[in-house]
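Chains as they are written, first to last, in the numbering used here: chain A, 1 to 489; chain B, 1 to 147.
Don't read these hints as lab results, they were simulated from the structure. Where is the CB? At the ideal position from N, CA and C, for every residue including glycine. One should not assume that every hint holds.
[Said to hold, decoys possible] With the C-beta cut set under 7 Å, the calculated list includes, among others, these residues of chain B facing chain A: (1) K68; (2) I72; (3) T93; (4) T97.
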Amino acid sequence: MRKWLAKFSPLGWRLVAATVAFSTVVALLATAFQLYIDYRRELGEIESTFEQVEQSYLPTLANALWATNRHELQVALNGLVRLPDVQYVAVKDNDKIWAEAGHPKSQNIRLRDYPLTQVHRGEIITIGGLTVVVDLAGVYQRLLDKFWVILITNGVKTFLVAGFMLWLFHWLVTRHLQRIAEFASCLSPGNLHERLTLDRSAHAQNKLDEFDLVLDGISRMQFNLATAVQTLEQDIVKLEQAEAEIQQLNTALEQRVVERTSQLEAVNQELEAFSYSVSHDLRTPLRSIDGFSQALVEDYGERLDAVGHDYLKRVRHAAQRMGLLIDDLLRLARVTRTDMKQVHVDFSALTQEVIADLHKHKGCSEAPFRVQASLVAYGDPALLRIVMENLLDNAWKYSSKIAQPQIEVGSVVQNGHTVYFVRDNGAGFDMAYVDKLFGAFQRLHRDEEFPGTGVGLATVKRIVHRHGGKIWAEAQPGAGALFSFTLTH
Amino acid sequence: MKNKVILLVEDNPDDETLTLRALRKNQILNEIVVARDGAEALDYLFGTGVHVGRDTSIQPQLILLDLKLPKIDGLEVLKRLRADPRTTLLPVTVLTTSNEECDVVTSYQLGVNSYVRKPVDFDSFIEAVRQLGLYWLVLNTAPPIGS
Numbered sequence: 001m002r003k004w005l006a007k008f009s010p011l012g013w014r015l016v017a018a019t020v021a022f023s024t025v026v027a028l029l030a031t032a033f034q035l036y037i038d039y040r041r042e043l044g045e046i047e048s049t050f051e052q053v054e055q056s057y058l059p060t061l062a063n064a065l066w067a068t069n070r071h072e073l074q075v076a077l078n079g080l081v082r083l084p085d086v087q088y089v090a091v092k093d094n095d096k097i098w099a100e101a102g103h104p105k106s107q108n109i110r111l112r113d114y115p116l117t118q119v120h121r122g123e124i125i126t127i128g129g130l131t132v133v134v135d136l137a138g139v140y141q142r143l144l145d146k147f148w149v150i151l152i153t154n155g156v157k158t159f160l161v162a163g164f165m166l167w168l169f170h171w172l173v174t175r176h177l178q179r180i181a182e183f184a185s186c187l188s189p190g191n192l193h194e195r196l197t198l199d200r201s202a203h204a205q206n207k208l209d210e211f212d213l214v215l216d217g218i219s220r221m222q223f224n225l226a227t228a229v230q231t232l233e234q235d236i237v238k239l240e241q242a243e244a245e246i247q248q249l250n251t252a253l254e255q256r257v258v259e260r261t262s263q264l265e266a267v268n269q270e271l272e273a274f275s276y277s278v279s280h281d282l283r284t285p286l287r288s289i290d291g292f293s294q295a296l297v298e299d300y301g302e303r304l305d306a307v308g309h310d311y312l313k314r315v316r317h318a319a320q321r322m323g324l325l326i327d328d329l330l331r332l333a334r335v336t337r338t339d340m341k342q343v344h345v346d347f348s349a350l351t352q353e354v355i356a357d358l359h360k361h362k363g364c365s366e367a368p369f370r371v372q373a374s375l376v377a378y379g380d381p382a383l384l385r386i387v388m389e390n391l392l393d394n395a396w397k398y399s400s401k402i403a404q405p406q407i408e409v410g411s412v413v414q415n416g417h418t419v420y421f422v423r424d425n426g427a428g429f430d431m432a433y434v435d436k437l438f439g440a441f442q443r444l445h446r447d448e449e450f451p452g453t454g455v456g457l458a459t460v461k462r463i464v465h466r467h468g469g470k471i472w473a474e475a476q477p478g479a480g481a482l483f484s485f486t487l488t489h
Numbered sequence: 001m002k003n004k005v006i007l008l009v010e011d012n013p014d015d016e017t018l019t020l021r022a023l024r025k026n027q028i029l030n031e032i033v034v035a036r037d038g039a040e041a042l043d044y045l046f047g048t049g050v051h052v053g054r055d056t057s058i059q060p061q062l063i064l065l066d067l068k069l070p071k072i073d074g075l076e077v078l079k080r081l082r083a084d085p086r087t088t089l090l091p092v093t094v095l096t097t098s099n100e101e102c103d104v105v106t107s108y109q110l111g112v113n114s115y116v117r118k119p120v121d122f123d124s125f126i127e128a129v130r131q132l133g134l135y136w137l138v139l140n141t142a143p144p145i146g147s
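Excised from the complex, chain B in its bound form:
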């Protein structure tokens, strides 16, 4: 069985590198698609813009979504993908720097599946990514999407 895609929405190249490193460190071998702003993430999900022609019946198994993003921010991305029937059931985890209460509350109101704050300590971050991968890619039963 071919491993499904993880969509990482992250604008900061350092964070991108570190997240990818943490995923590899935890033996998560899924294909990682990186979108560097909110618009690009939506293009990927809906097969538009640079991703025109992509088969949108195939959707990522997990979306790791940063909140502070150029063009379209993470909360707006979340709102739009929850509004579209093709993506409404996708598991989304907010993976961001802050745990400001307003962000947490709004994210859950918009239908996020979990909210994880990136710790400064890289060891803790690796541990967090390990648990995330274990839960969403192994333990959790994915929603039936596409064929």
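If we strip away everything but chain A, and leave its shape as in the complex, we get:
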């Protein structure tokens, strides 16, 4: 039973509950109205009983009382008390009861007193009274009976209708809804083309109703979904193809990176070997040239005239210059190759050390250096030392021919960057050639004026660039030069 009931949907139960509640309220109202009508009718009947008493019995009773005929009074009252619902009747003269019938009652009653009159000598005189008591208990009992009958009838009817509605709702709606729900929950991208059919009579199938709209809607939805799924599948295929292509490209790219890296490594190794070879093999013949020239001067000097000596001097000078060039070149190459270790550097102290070394090497007159105190820098100390060695050596060299040389090292802040500078008041140069200044082997002065290899500033530029900074120069011929550089972007 429980199982059987459970197959009806909650929706069906809700519908039945609402119907029963509403139908019960309506039945109660209708019953109340009907009972009220019946009550009024019963009261009307009682009223007509009273009228019957007034018209039929009052003259008889008045005559019998006038005649003081008790027996006749009693007979009449016995007839009166048999009228429907009449509970008690009595004939009284003032407080004296002449005759009575039935049993007096004080609750649920209707009481009516009638005067009993007689015409005596042309005068109407009251000789007593009739009291009629009608019992309402019968009326109430009948109304109660009727109420029960109506209630039970309505209850049974409502129950039957509700049961029928429940079954009907299940048959017409719920089972189809359940089928639709089942169908919808089984739908997947794989079986979108399956058709939904409902188990309905041929008659119902011929007439279009809301279920046909639902079926039509589901069918359209299936079609749209199938289209969307197809599009998605195509997109996925495209995506997979694109991904495969990317994968392929990545593999090719990695391959190329590996190839380039090994090429670079090979080139680097060659460069390393080249540089090693240069540092060994290119210098060896120079030593022979210089050494044997010197030997020639020492052992055979007396056989040479002044021109011969001069030539040998030139040979030695050239060999030594070549040696310097090779050393500078190797230093330039090394500056690019070595690993950088950037730390905070006391730049003033580093500059003072370089100046001290310069004094030691040149061993000559004291060039007036002025170094700003508390200069700091962030960079590789060894490389920064090379920068300052070159810049200060240049400053010293190019101001060596003037009477009061002044060389200044300091820093200023420009656009948020610290700019370090080395200023001298020496020979300077023509700004027209400033582009050549930092190129390797580029010189703006003849070797007889100021000796040099033209590698120093190229080395400085490389170091500054490796630190992410830049270097520039300003000068005027005869009015000194100003070299400025930064160490970060």
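Using the hints provided, position chain B relative to the given structure of chain A.
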């Protein structure tokens, strides 16, 4: 007291001549034995090959070792003579053309006693040889080798 031998390991005849000249110029009168490659240097030190039968209890007072040598290079010579108890204490000075950092570091790791780069300027070279001779042959106390 007979002056002890200096072993000069040098493949370049020019450099050999110039080094000998520099030594003579500085009045260094020790006997100079020249080995022209690494193998010959080892033969001399260990009494093998062309030097078979040499009394290896007598070892040079100083070895002047070039690094770039045919057959066996200078670093290998250094490694082998440091590995042999007969020669492990010998003073060795690398006298070579380059001062590439890797050469300097490896030489010291292998136990060289000093490292001198030959300058191009012959005057400077003579000065360098003078200081070398003064230090290793006069100032320095040699290790006790042989009898």
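Evaluation of the provided hints:
1. K68: 5 Å, holds
2. I72: 17 Å, violated
3. T93: 17 Å, violated
4. T97: Cβ of B/T97 sits 5 Å from chain A, so the hint holds.
Going down the numbered hints, you'll see the structure goes against 2 and 3, while the others check out.
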